[in-house]
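Note that UniProt numbering numbers the sequence shown so that position 178 is 178, with each residue one more than the last.
Since the hints were derived computationally from the structure, they do not count as laboratory data. A hint or two may mislead.
No more than 25 Å apart at the CA atoms, straight line, and that leaves these computed lysine to aspartate or glutamate pairs for DMTMM-like [said to hold, decoys possible]:
id, residue 1, residue 2
1, Lys-137, Glu-64
2, Lys-218, Glu-94
3, Lys-147, Asp-131
4, Lys-30, Asp-46
5, Lys-43, Glu-23
6, Lys-137, Glu-206
7, Lys-85, Asp-106
8, Lys-137, Glu-259
9, Lys-292, Glu-219
10, Lys-288, Glu-219
11, Lys-147, Asp-168
12, Lys-187, Glu-94
13, Lys-85, Glu-184
14, Lys-261, Glu-23
15, Lys-152, Glu-64
16, Lys-18, Asp-131
17, Lys-43, Glu-105
18, Lys-137, Glu-86
19, Lys-186, Glu-281
20, Lys-218, Asp-131
21, Lys-18, Glu-49
22, Lys-33, Glu-16
Derived CB-CB ranges, DEER-like [unchecked claim]:
id, residue 1, residue 2, range
23, His-20, His-235, 38 to 46 Å
24, Thr-19, Leu-183, 31 to 39 Å
25, Ser-232, Leu-173, 53 to 61 Å
26, Asn-273, Ile-129, 33 to 41 Å
27, Glu-45, Lys-238, 44 to 52 Å
In this text, a Cβ means the ideal position worked out from N, Cα and C, and glycines have one as well.
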Amino acid sequence: MFKDKPLDVPKFSTTEFKTHFFEQNQAVHKVFKNNYEDFLIAKFEDFRESMNLPIPFYRRPVTEILFITQGSIHRGCNLNKIPVKENQTHLWLENHIATVEAFSEDISGFYCHFTYNFLSDSYHTTRIIRDLQLINKFTHHRPLTPKNTALKAMQNIYERLYEIFHSDNNPQLIRTYLQTLLLEIKKSLPSSKESPKLSRPVQLTEQFKELLFAHVTKEQSLKFYAEKLFVSSNHLNKSVKQSTGKTASEWLFDALTLEAKVLLKQSDLPIGNVAFRLGFEDQSYFCKFFKKQTGVLPSRFRQMD
């Protein structure tokens, strides 16, 4: 049924992201300034009325950080839906798949992004990757809620970064504050004593979801994931259903459906080619699969706003 065919979710530079998902008005031009491909910080209230939502699956060559002071935003990060609310922060690594589903009309706070190269001028590259991966291991599944002291410190740093970027734009000073911000976020991560101990089914589910997202376009057999996790397919199905309400097979079909939606919405490939790239040898079978998953045929989905 399936072939080993890789699939790339669209990757947008910041300029391309701006063009695709923002209205081109004066407010937006004031946000995207200086060397914004390498570093940018903005307040949500600066652009919330100019952003075209929802934003479908994308990759970007920047690490994104959100800090919400009012309202909320709903993100999709790989297969996880993550609401980020008041007094919470969230970090998402570069080149990982994300979506922006919606945010509240009253959302306030800060959005910040940066590249490894920008930060590495004053922060050892190995340490950058280690610290960011440590933070992302937590925020991969949930936002971070800093305690009061750390929360105030972070807000002050965001305010200072915003002030510097939108005035004299001193890169070295920005790097110093950005490094301090990351250290504050890292310090706010729950310790192993504070973190609730995850049950074996939950641990297995999280491991499965990470594997699934990494391999779904190449491996569509549940047996592959079960063997990687050293369990039987039946045990994997039961464990995932116990912790999520859906079997591992259902997660697998959901992941395939998400990949199909990406190709249908963000490429001009004929539906037969979409089916083939997802490993379906028969276009009609792909259409039946997609309709069963979504309620509409691929051709109809492509026409929908």
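Results of checking the hints against the structure:
At roughly 14 Å between alpha-carbon atoms, Lys-137 and Glu-64 fall within 25 Å of each other, so this suggested pair holds. At most 25 Å may separate the alpha-carbon atoms for a hinted pair to count; Lys-218 and Glu-94 meet this at roughly 22 Å. Taking the CA atoms of Lys-147 and Asp-131, the gap is about 20 Å. The hint holds against a cut of 25 Å. The hinted pair formed by Lys-30 and Asp-46 meets the criterion: a straight-line CA distance of about 9 Å does not exceed 25 Å.
Taking the CA atoms of Lys-43 and Glu-23, the gap is about 16 Å. The hint holds against a cut of 25 Å. Between Lys-137 and Glu-206, the direct Cα distance comes to roughly 11 Å. Compliance with the 25 Å bound is thereby established for this hinted pair. For the given pair, Lys-85 sits about 11 Å from Asp-106 by alpha-carbon distance, which is consistent with the 25 Å threshold. Taking the CA atoms of Lys-137 and Glu-259, the gap is near 23 Å; set against the 25 Å cutoff, the hint holds.
The hinted pair formed by Lys-292 and Glu-219 meets the criterion: a straight-line CA distance of about 21 Å does not exceed 25 Å. For the hint linking Lys-288 to Glu-219, the alpha-carbon distance of about 20 Å falls within 25 Å, and the restraint holds. With a C-alpha separation of about 31 Å, the suggested pair Lys-147 and Asp-168 falls outside the 25 Å cut-off, and the hint is violated. Using a Cα cut-off of 25 Å, the hinted pair Lys-187 and Glu-94 holds, with the two alpha carbons roughly 21 Å apart.
Between Lys-85 and Glu-184, the direct Cα distance comes to roughly 19 Å. Compliance with the 25 Å bound is thereby established for this hinted pair. Between Lys-261 and Glu-23 the alpha-carbon distance is near 24 Å, which keeps this suggested pair within the 25 Å criterion. Our distance criterion of 25 Å between C-alpha atoms is met by Lys-152 and Glu-64, whose separation comes to about 20 Å. Pair hint Lys-18 plus Asp-131 does not hold up; C-alpha atoms about 28 Å apart against a cutoff of 25 Å.
Restraint check for Lys-43 and Glu-105: satisfied, since their Cα atoms lie roughly 14 Å apart, inside the 25 Å limit. Between Lys-137 and Glu-86, the direct Cα distance comes to roughly 21 Å. Compliance with the 25 Å bound is thereby established for this hinted pair. A C-alpha spacing of about 47 Å is found between Lys-186 and Glu-281, which places the hinted pair above 25 Å, so the restraint is violated. Under the criterion of a C-alpha separation no larger than 25 Å, the hint pairing Lys-218 with Asp-131 is inconsistent with the structure, at around 30 Å.
For the hint pairing Lys-18 with Glu-49, the CA-to-CA distance comes to about 14 Å; that is within 25 Å, so the pair holds. The suggested pairing of Lys-33 with Glu-16 holds, with an alpha-carbon distance near 14 Å, which does not exceed 25 Å. Remark: the range hint 38 to 46 Å for His-20 to His-235 is upheld by a beta-carbon distance near 43 Å. The hinted window of 31 to 39 Å between Thr-19 and Leu-183 holds, with their beta carbons roughly 34 Å apart.
In this structure the supplied range 53 to 61 Å holds for Ser-232 paired with Leu-173, their Cβ-Cβ distance being about 56 Å. Roughly 36 Å separates the CB atoms of Asn-273 and Ile-129, a value that falls within the hinted 33 to 41 Å. Checked against the hint of 44 to 52 Å, the C-beta distance between Glu-45 and Lys-238 comes to roughly 47 Å, which is consistent with it.
Hint compliance for this structure: hints 11, 16, 19 and 20 are not met, and every other hint is.
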